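From the two separate chains plus the hints, produce the assembled complex.
Below are the chains, spelled out letter by letter.
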Amino acid sequence: LPGVIHHPLVSLQSSFKAKAFTEAFLKNSIQQPRRHDLQNMLSHKAVILGYGRPKKERRKSAKARGLNARQKRELKVFQINPEHQRYELFLPLHELWRQYIIDLCGGLKATSNPQVVQQKLLKADFHGAILTVVRSKCPSYVGTSGILVQEFKHVFKIITRDDKLKVIPKRNSVFAVEINGFVSHIYGSKFEYRASERAAKKFKLKGTIDL
Amino acid sequence: RVRNAERCARFATRSSTRVKHEGAVSTVQVSVLLPECSSAPSHLDSVLNNFSSFYLIKKLPVYELLDRHFLETAVYHGAVFGLSYRTRIDEDNCVALMPNGHLTLSLDKDSFEILGFEGKPSRFKHRTATRFVVSVDLTDSSMAPGRRSYLRLLTSLKSRLQLQTDFLLSHHPGGGASIQPLLSRCDWSQHRPEVNCRVLTNLPCPAPLSCDPHSFLEWLGAVDAGISCENSSSSFLSSFVCPEPNTMHRHALSVSVSGLLLPHDIHRLLQELRRYVEQPRLASWVSMTVRGFADSPVSCSNHEHGFLRGGENFYTLMMFHDHTYQLHLAMGAHDVCPP
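Residue numbers (my numbering), protein chains in the order written: chain W, 1 to 211; chain G, 1001 to 1339.
Excised from the complex, chain G in its bound form (with noise of 0.2 Å):
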């Protein structure tokens, strides 16, 4: 079990014309690799630089997710993501409310023990439970403003467990006004999603379909990361390898962006690289990394995510030309398998 730290989960080959993207994932990084390209065309160019921007505040006060205001005019519209910043999952405490009215808190054993709200164990630690996970549905009846749980889980944020994080908050396009308000209330601070670009020259790259795809993906880590695969003999050795069989490429364009991403905008990135990918071009394929925050108590599709040696949880999209793509699906030892 600890040796097997990584699990590729999912590696498919499909052919569609529409790619469904499962928006309920938290992403801090979007990478691209576009081999034998040596600028962006500006299509994806404006679609990088226009990613929507996303605030960070300080020290939220977590009952201030449950005013009443803040719930009718963002929450129940689906239109608010927010995530606690620099929380460890395995330390601290963790906040995470999804766009569907989810709020999920992470809680140590004491901060639940005095918080007094219903919550499970953590599937992930077993016999002495040292981890708990309060999961509420905002948009539920029984959690509207004045029922009786509504009014529990506020008077213990409020007076029992007073939870304070830094928090990171989106919204989607239009939405802007609803947390204006709560954002009037604390000290945030507005960011954009930083885009690097790379020129990477005289590439390796494998033939995607003939090679085994963990080692494709570990090719892929490496060439995101610029470390080179060349193995030429020096005191130090490597053993990360361009897989055979591999075609040398002048230039190849890598892309990554990094911050708080909503699922629309990865969506816009998609279509427009699809639309790339489907002309004629030197390179018959395109791939687009999406990963998810480490330290965060959601993965995709609202299950629990953990952290034990690492907390990875991403996917890989290779589009081609002929409207096929694969998907390679990657989470860590704490987290569980969407279907």
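Extracted from the complex, chain W is given alone in its bound form (with noise of 0.2 Å):
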């Protein structure tokens, strides 16, 4: 093959030009890493900094939100299963109840102020009491007798000795309660408030006794 001419002006100029070229093509494309871009460095840049306070993270609070109703209801945590209704099952909640009472009104003898051991009871929880319908403006409630079991804002729920779970509206009745010896009349009319409501309750004499 002939050799290249070397033409001594030609040559010379693509040289040139054959370096430019190259050039600007390797750097077109090979990537340059971010570190050799001296230029971009070296720019004066301003880098805006975030205003960071730690932030805690908002605690799930601890006590649990409660059930509403309709869920108590669901659950059916305060019906009585009927194998669990016999009168023998609630007599040791009598017993503690009169053990309660007693402490209550310190020690209840013969001797106590019938006024002072009224109060007491007015703010005592009354589950485990044996109840008795003295009078009553229906007459089949008369005579009724049991422990109590749940006392609602207006109903008792009490045992008969019968094993029969019976409910008593508050309302226009006259229950009787025994202590050693104590006997105290609760008119139910005026005793329509919640076990739990009742204890913070003042009572007042207002209106007629009368049922």
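To be clear, the hints were calculated from the coordinates, so they are not data collected in a lab. Just so we're clear, the structure is a prediction, and the values are computed from it rather than from any experiment. Misleading hints may appear alongside valid ones.
[Stated by the list, open to error] List of simulated lysine-lysine pairs, PhoX-like, C-alpha gap at most 25 Å:
hint : chain 1 : residue 1 : chain 2 : residue 2
1    : W       : Lys170    : W       : Lys137
2    : W       : Lys120    : W       : Lys170
3    : W       : Lys17     : W       : Lys27
4    : W       : Lys153    : W       : Lys202
5    : G       : Lys1120   : W       : Lys137
6    : G       : Lys1120   : G       : Lys1158
7    : G       : Lys1158   : W       : Lys137
8    : W       : Lys190    : W       : Lys123
9    : W       : Lys109    : W       : Lys120
10   : W       : Lys17     : W       : Lys45
11   : W       : Lys170    : G       : Lys1120
12   : W       : Lys170    : W       : Lys123
13   : W       : Lys164    : W       : Lys137
14   : G       : Lys1109   : W       : Lys190
15   : W       : Lys72     : W       : Lys56
16   : W       : Lys123    : W       : Lys109
17   : W       : Lys170    : G       : Lys1109
18   : W       : Lys206    : W       : Lys190
19   : W       : Lys164    : W       : Lys120
20   : G       : Lys1109   : W       : Lys206
21   : G       : Lys1109   : W       : Lys137
[As the list claims (entries may be wrong)] Ranges of calculated distance between the beta carbons of each label pair, as one might list FRET restraints:
hint : chain 1 : residue 1 : chain 2 : residue 2 : range
22   : G       : Asp1137   : W       : Asp103    : 49 to 55 Å
23   : W       : Asp163    : G       : Asp1137   : 31 to 37 Å
24   : G       : Asp1092   : W       : Asp210    : 16 to 22 Å
25   : W       : Ile102    : G       : Pro1061   : 36 to 42 Å
26   : G       : Asp1110   : W       : Lys201    : 23 to 29 Å
27   : W       : Ile102    : G       : Asp1110   : 31 to 37 Å
[Stated by the list, open to error] In silico contact screen, one side only, chain G against chain W (beta carbon under 7 Å); selected entries:
hint : residue
28   : Glu1113
29   : Ile1114
30   : Gly1116
31   : Phe1117
32   : Glu1118
The beta carbon of each residue, even a glycine, is placed where N, CA and C say it ideally should be.
Printed below as a string of structure tokens:
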């Protein structure tokens, strides 16, 4: 093959062009690492820092919300199964209640003042007491007697000796509670509060206690 | 309503050969007026003196009336009749036992609430009920001894409301033995009905068919009470006048029997009076007034009876020569009129 014709002018020009072309081509085709980009690095740049206080994560409230009435009813915690409805099973509860009342009234001797005992009883809890209906506007309630199982705002649920669960409305009835010879008559119409609310309630004599 | 305290309910003239006496009223007094008669004829006298006696029991506990033996021997045969004595119908608790086996208790509000047996509020008090009536049919099968309602009533009367009243008790003839056990347990005394005879002279009597029934009844009551209808001018002017037209009778006999009287005794008296009036006499009529207790819880045919201004419930029977009779029936304001 004939050798490359070295023309002095053409080869000079073309080596310049070739060099420039080659550099430009290489620059475009090869990725430049950022570190080597000195121009970029040395130019003034402002970096904006965030206003950072480490945020505390809000803790979940430690106590549970509680169930509303519908959920409670669904759970059926307050219903007693028929096989558990036996009078004998509630007698220990009654004993517990008696001890509680005796402690509450400070002994309950024969010489205790009935007024004081009555005042204490107003704030006491009656779950486990033996209640008897003494007077009532409805004659069929009179005479029912049993251990109080649940006290609601308007009714008493008692279990009688015949293992029957009876629901007796408080209104228009007079109940008798007996401890150690003290018989206390409770006028149900004035007693229509939840047991928990009654502890803080001040009782005033309003209206008539006639049924 | 308050103005019209007494209602004369019925005035009927009927002709019949048989007068039926409704035997369910508790009687305290019978008065008979025989015009133109100076002394009681012997038959009448014997009838009047043979009224059956009755017993007064002091402080009878009412649950004794539910005693099994007493029920079986006396009440079921319809032989007993009793009423509480000296208990006011509008204040105290009243008890009545009828021959048909109905026991009626008329209680005030507190006693009813303590007793705890089914009852109804009284018909005569409106709005707030202050009086209650417990009416029990002892012959009903649900009240047989041993049944639940019987036991409930018994425990109520024994332990809850210990009801005790003085009691007047009477029995039909032949039933005397059945109430002896009950009497032996209590403090009792026997009484005879009291008979009072009066001869009245110069009595102006109205002709019965020709005057207004109200005024005739008033005149009859005046004669019975011994009020003179002369209307003479004195410091007190009475408004009781003998209704016109009237005739003057020389004599008249007024007899009254008081006590707990049985229906069949009154029936006998009625028959006797009818026989008397049928015979030809100067006067053509005879009147008999039967009065009930003012404080009885029941008046005739088991209706409720109350006391507003007066507890009258009585009827007057006028019998005539020609087999006709007139019936005047009077009730107080707190009464139910029988049909």
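Item to complete: Enumerate the violated hints, using their earlier numbering and listing them in ascending order.
Response: Violated: hints 10, 15 and 19.
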